[in-house]
Amino acid sequence: MNAYEIVMKSREKGRPTAMQYIEKIVEGFIELHGDRRFADDAAVIGGVGFIEGKPVTVIGIEKGTDTKAKIEHNFGCAHPEGYRKAMRLMKEAEKFHRPVLCLVDTSGAYCGIGAEERGQSEAIANSIMEMIRLRTPTLSIIIGEGGSGGALGLSAADEVWITETATYSVISPEGCASILWKDSGKVAQACESLKLTANDLLALRAVEKVLPELQFSDEFFVGLKAEIAQFFAQKRGVAPDRLIEERYERFRKF
Amino acid sequence: MNFEDLKKFFFKKPKNALEGTDEAAPQEAPSTEAVIPEKLAEKCEKCGKIILSDEMRENCGVCPKCGYYKKLNARERIEICAEQFEELFGEETSENILDFPGYDEKLAALREKTGERDGAVCGRATIGGVECAVFSMDYRFMMGSMGHTVGEKITKTFEYATENRLPVVGFVLSGGARMQEGIVSLMQMAKTSAAVAKHSEAGLLYISVLTDPTTGGVSASFAFESDVIMAEKGALIGFAGPRVIEQTIRQKLPEGFQRAEFLQKKGFVDLIVERKEMKEKLASLLKIHCMEADA
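Quick mapping for you: the protein sequence lines, in order, are chains A and B.
Numbered per my numbering, the first sequence spans residues 1 to 254.
Numbered per my numbering, the second sequence spans residues 255 to 549.
One or more of the hints may lead you astray.
[What the hints assert, rightly or not] What follows is a list of derived Cβ distance ranges for each label pair: (1) Arg36/A with Lys297/B: 45 to 55 angstroms; (2) Glu31/A with Lys297/B: 56 to 66 angstroms; (3) Leu214/A with Leu507/B: 37 to 47 angstroms; (4) Thr368/B with Ile179/A: 19 to 29 angstroms; (5) Glu349/B with Arg252/A: 16 to 26 angstroms; (6) Phe96/A with Ala363/B: 52 to 62 angstroms; (7) Arg36/A with Glu309/B: 44 to 54 angstroms; (8) Phe50/A with Ala456/B: 35 to 45 angstroms; (9) Pro508/B with Glu174/A: 20 to 30 angstroms; (10) Lys297/B with Lys209/A: 50 to 60 angstroms; (11) Leu525/B with Ile113/A: 43 to 53 angstroms.
[Stated by the list, open to error] Example chain A residues on the side facing chain B (calculated, C-beta under 7 angstroms, incomplete): (12) Cys111; (13) Glu116; (14) Gln120; (15) Glu122; (16) Met129; (17) Ile132; (18) Arg133; (19) Leu152; (20) Ile171; (21) Glu192; (22) Ser193; (23) Ala203; (24) Leu204; (25) Ala206; (26) Phe254.
The set of hints was computed from the structure by calculation and includes no laboratory data.
Backbone N, C-alpha and C define an ideal beta-carbon position, used for all residues, glycine too.
When you get a sec, could you build the whole thing from the sequences and use the hints?
Next comes the structure, spelled out in structure tokens:
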């Protein structure tokens, strides 16, 4: 598959969304709503549950599966409330020494009047800053689109993993082609140039692990669940100061 | 040209008066480079009137006819706000990490044109007698877009300030993350944020000064992670650019949307300052915070 085909695949209908990952991976999930300030943004779902018997907080950007759900979840484009909800849940996880799993799938944070009025920049900026100094283990997995700041807001983690046909990019290839080359016909070229595929990202050390998708079979989810459990088990004994220092170094290298 | 203009031209005010203070001029560091005026007069981008370049410069780049704020480059900005400045990390430079088409040529052309290696100037400065670390972004370098070099220099500025227990004043100007460096640019948002967090946890002050424009990845990282957010009058500040929003929502945006005044009204900006009073306001804020920190 070339980069353009991978970009199309990352957005494909029928691809499992965050909620489906949660159903397959998290036992006894209880969803927690709202940012305690303005609203409950359905583009970001979050809550608590268990992975292999250990408590965990899970936050995901949800695109929705059918038309009705897509509209309800705003196609996975979060408003500031979504990031503030995520931050609140992360702080709650920190208080109870629970690891945090983020499932990222968004074309980007929402661009609109309300989002700007309520401080989209401030919400993402502080989500990054809070997450980067969270005193509990964190893991982000990009499961579809990793669109720019909207994805990074939930990806300032100890490790970032990506499934093999997901992408992570500073800008959408469409945006890049139109801004840089003023030519919407150059999208395929932008897909290549941006180096946004899982393997490119691994080479650039922007992700630690590429997960084979196995057509999103049960085998995929069983394997993924085991890997997540193992990752958190390794991190469980690490002192918070060391977690933060290692996370600092993870991002410092860029 | 009327009499007032002539008078201003022939009887120039002393520089410190124009910086908004009548106190004795702080000992100015002799400029290392001689300022050679490129031209005698220039046209205001807004009203189109011809203004003497000296007058424009002395007015901090504000058009004396219509009040339009001309963009200042990174060094000009530091010059109007700091009485002393010593550059740091000037050796940092970018390369074409992703082998992005056309990027090498673009970088080479901009370096040639501006004499700068990239879009940020950083160092140690004195503002109103208070020692601080500063960074200042440059519109001439791809509208202050942040790639590896800009991110690295700003990160180093915060690390330097943390180590030397200095406050940071950051003059922000950016269209966002730099596309040509792809994911590496996006990672600069996290890298700078981590450095800001460390500096903050050390109990040190960070004032961000948002100037026109502050958008995208820069706005969604260190621009909004400061203790005090100052914005220059009229500056465009937002996550998405107005054109992108108009295309997304298919409607025209209201007048004044995403301007500094709008953001203050919505609760995201602490204070709006005019360019001429910027130095004085920064000096006061630095004094108030740094005194308390030492008490």
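TODO: Hold the hint about Phe254/A up to the distance rule: shortest CB distance to chain B must be less than 7 angstroms.
DONE: For Phe254/A, the interface hint holds, since the closest Cβ of chain B sits about 4 angstroms away, which is under 7 angstroms.
Task: Satisfaction of the Arg133/A interface hint, Cβ to chain B closer than 7 angstroms - done: holds, 5 angstroms
TODO: Kindly confirm whether 50 to 60 angstroms is satisfied by the beta carbon distance between Lys297/B and Lys209/A.
DONE: holds, 56 angstroms
Open item on the list: Looking only at beta-carbon atoms, does the pair Arg36/A, Lys297/B fall within the given range of 45 to 55 angstroms?
Closed with: holds, 52 angstroms
- [ ] Could you check the hint for me, namely that Thr368/B and Ile179/A are 19 to 29 angstroms apart, CB to CB?
- [x] Check passed, 21 angstroms falls within 19 to 29 angstroms.
- [ ] Hold the hint about Ala203/A up to the distance rule: shortest CB distance to chain B must be less than 7 angstroms.
- [x] violated, 10 angstroms
Task: Supplied distance hint 35 to 45 angstroms, evaluated on CB atoms of Phe50/A and Ala456/B - done: For Ala456/B against Phe50/A, whose Cβ atoms are near 37 angstroms apart, the range 35 to 45 angstroms holds.
Task: Restraint outcome when Gln120/A is required to lie within 7 angstroms of chain B by C-beta distance - done: Cβ of Gln120/A sits 4 angstroms from chain B, so the hint holds.
Task: Range hint 37 to 47 angstroms (beta carbons of Leu214/A and Leu507/B) holds or violated - done: Holds: the Cβ-Cβ distance is about 46 angstroms, inside 37 to 47 angstroms.
TODO: Confirm or reject the claim that Glu349/B and Arg252/A have a C-beta distance inside 16 to 26 angstroms.
DONE: 18 angstroms Cβ-Cβ, so the 16 to 26 angstroms window holds.
Open item on the list: Less than 7 angstroms between beta-carbons is the criterion; does Glu192/A satisfy it with respect to chain B?
Closed with: Check failed: Cβ of Glu192/A comes no nearer than 9 angstroms to chain B, outside 7 angstroms.
Open item on the list: Given a cut of 7 angstroms on the nearest C-beta pair, is the interface hint for Met129/A held or broken against chain B?
Closed with: holds, 5 angstroms
In this structure, the earlier hints numbered 11, 21 and 23 are contradicted, and the remaining ones agree with it.
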